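Visitor: Residue strings, one per chain:
2 protein chains.
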Amino acid sequence: MRTLYHHWLSPASRKVRIVLGEKKLVYEMRVEQVWERRPQFLRMNPAGEVPVFLEEDGRAFCDAAAISEYLDELYPEPPLLGESPSERAEVRRLVAWFDLKFKAEVTQHLSTEKIMKRFLGMGQPDSEAIRCATHNLKTHINYIAHLAERRNYLAGNQFSLADIAAASHLSVIDYLGDVNWDANAEAKDWYVRVKSRRSMRTILADRIPGLQPPQYYDKLDF
Amino acid sequence: MRTLYHHWLSPASRKVRIVLGEKKLVYEMRVEQVWERRPQFLRMNPAGEVPVFLEEDGRAFCDAAAISEYLDELYPEPPLLGESPSERAEVRRLVAWFDLKFKAEVTQHLSTEKIMKRFLGMGQPDSEAIRCATHNLKTHINYIAHLAERRNYLAGNQFSLADIAAASHLSVIDYLGDVNWDANAEAKDWYVRVKSRRSMRTILADRIPGLQPPQYYDKLDF
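Sequences listed follow chains H and C, in order. First residue of the first sequence: 7, per the numbering used here; consecutive thereafter. First residue of the second sequence: 7, per the numbering used here; consecutive thereafter.
Among the hints, erroneous ones may be present.
Claimed, not checked - Within a straight-line C-alpha distance of at most 30 Å, the following computed DSS-like cross-link-like pairs (lysine-lysine) qualify: (1) H/Lys-109 with C/Lys-30; (2) H/Lys-29 with H/Lys-109; (3) C/Lys-144 with H/Lys-107; (4) H/Lys-123 with C/Lys-201; (5) H/Lys-109 with C/Lys-107; (6) C/Lys-107 with H/Lys-144; (7) C/Lys-225 with H/Lys-107; (8) H/Lys-144 with C/Lys-109; (9) H/Lys-107 with C/Lys-194; (10) C/Lys-29 with C/Lys-123; (11) H/Lys-123 with H/Lys-107; (12) C/Lys-123 with C/Lys-30; (13) H/Lys-107 with C/Lys-123; (14) C/Lys-144 with H/Lys-109.
Bear in mind the hints are in silico, worked out from the structure with no lab data behind them. Computed from a predicted structure; not experimentally measured.
Kindly produce the complete structure, drawing on both the sequences and the hints.
Guide: Structure below.
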């Protein structure tokens with residue numbers, strides 16, 4: 007069976023899981039503790055990162071963006087990249103926005119301080135890093151609202167990899183209780199639409215032992 | 007005319023210039039000092055980064071990967087992404103390898119310490135950061151050799167966006183004189199093949215006032 011090597015609170019892994027869910031593909035999940043640098047895993051992905059998607063014939067595919075486009079090419083329904091070259095360019099611009107910029111300015115700080123430090127015993131969270139990330143998050147939520155005001159979904163009128171990238175990061179941050187959804191109605195409305203998709207429901211059902219999300223985390227009415 | 011907003015020693019800008027060169031497209035170049043955060047530029051790209059590619063009708067395209075794929079879709083000759091979904095996944099995996107991993111482990115340190123600090127008056131280079139980046143570079147050069155031993159080009163038998171991404175970063179590092187090409191014959195042979203392409207020749211002709219590259223920088227015999 008197809009296998010996805012992933013980690014629970016890895017936005018990149020969530021992204022591929024949502025794509026697999028949208029395409030209604032059946033697969034097995036295996037948690038990879040990437041910090042153990044398991045030789046067998048490094049042979050599949052010398053970058054040492056999740057997700058890695060293993061086809062039934064044993065071919066390994068690495069990098070969340072590469073895997074997502076691969077799956078979208080093989081299984082075109084529903085289309086997740088847009089119809090024209092310029093629509094696809096807008097989807098890819100926003101995927102990079104969330105996977106590079108949002109990650110560097112928000113997710114990385116919060117997940118290092120609140121998750122990695124806690125579970126790997128790396129000392130106390132740095133409150134200054136958390137404060138910066140929370141400040142940056144407001145700017146990003148405003149940008150989401152700016153896009154969602156003008157379009158049904160972030161890159162246009164169709165749900166796309168741009169929404170999936172954004173939701174992958176936001177759902178991790180939201181698990182930590184760091185998003186103030188009430189500050190921005192347009193962003194919240196967009197997230198309600200995304201949360202209501204079946205592909206998101208399984209992601210939102212994940213629970214990390216010893217780390218509970220806020221009450222509203224998986225609710226459509228929040 | 008089509009316009010590319012770029013910066014001389016930005017690997018992401020070089021990447022799009024090489025793609026435009028491969029596709030034999032005519033365009034105008036404008037240098038953007040991104041640190042000035044010019045409002046008109048931020049309206050084109052709220053991420054505030056180069057490259058930005060402006061079509062003749064005024065539409066702006068942002069993010070080097072998104073622009074490269076856009077150009078490859080509009081102008082399929084020569085193809086730069088591979089023929090099958092799995093070939094394209096390998097090209098995209100390696101593009102991410104160089105644009106994310108190589109950038110974080112090598113280019114970013116060397117360009118911050120040797121270029122940004124010098125031209126923006128940000129103090130003395132940090133020799134420990136340079137030492138780390140130089141050490142990481144050796145591992146990456148070995149990985150390039152590992153790929154080039156098995157394939158004609160990095161992602162397969164055809165020149166692709168993977169080679170373009172790698173050459174964009176390496177040519178910037180090489181300008182600073184930081185690559186020991188003699189340490190690895192396979193990597194050097196690959197770089198000779200890449201350097202000999204017409205699309206690379208114009209990139210290698212760039213000179214930054216006050217910062218000369220090593221003698222061998224644009225030579226095919228180095």
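Visitor: All the hints need checking, so say for each whether the structure fits it.
Guide: Quick rundown of the hints versus the structure:
About 35 Å separates the Cα atoms of H/Lys-109 and C/Lys-30, which puts this hinted pair outside 30 Å; it is violated. Between H/Lys-29 and H/Lys-109 the CA atoms are separated by roughly 25 Å; this keeps the pair inside 30 Å, and the hint holds. The suggested pairing of C/Lys-144 with H/Lys-107 holds, with an alpha-carbon distance near 28 Å, which does not exceed 30 Å. Of the pairs offered as hints, the one joining H/Lys-123 and C/Lys-201 is violated, with about 45 Å between alpha carbons and a cut-off of 30 Å exceeded.
Restraint check for H/Lys-109 and C/Lys-107: the C-alpha separation of about 14 Å stays at or below 30 Å, so the hint holds. In summary, the hint linking C/Lys-107 to H/Lys-144 is supported, as the alpha carbons are separated by about 28 Å, within the 30 Å threshold. With a C-alpha separation of about 36 Å, the suggested pairing of C/Lys-225 with H/Lys-107 is violated against the 30 Å cut-off. For the hint linking H/Lys-144 to C/Lys-109, the alpha-carbon distance of about 27 Å falls within 30 Å, and the restraint holds.
Taking the CA atoms of H/Lys-107 and C/Lys-194, the gap is near 33 Å; set against the 30 Å cutoff, the hint is violated. A C-alpha spacing of about 35 Å is found between C/Lys-29 and C/Lys-123, which places the hinted pair above 30 Å, so the restraint is violated. Taking the CA atoms of H/Lys-123 and H/Lys-107, the gap is near 22 Å; set against the 30 Å cutoff, the hint holds. With a C-alpha separation of about 35 Å, the suggested pair C/Lys-123 and C/Lys-30 falls outside the 30 Å cut-off, and the hint is violated.
Taken as a hint, the H/Lys-107 and C/Lys-123 pair is honoured in the structure, with Cα atoms around 23 Å apart against an allowance of 30 Å. The suggested pairing of C/Lys-144 with H/Lys-109 holds, with an alpha-carbon distance near 27 Å, which does not exceed 30 Å.
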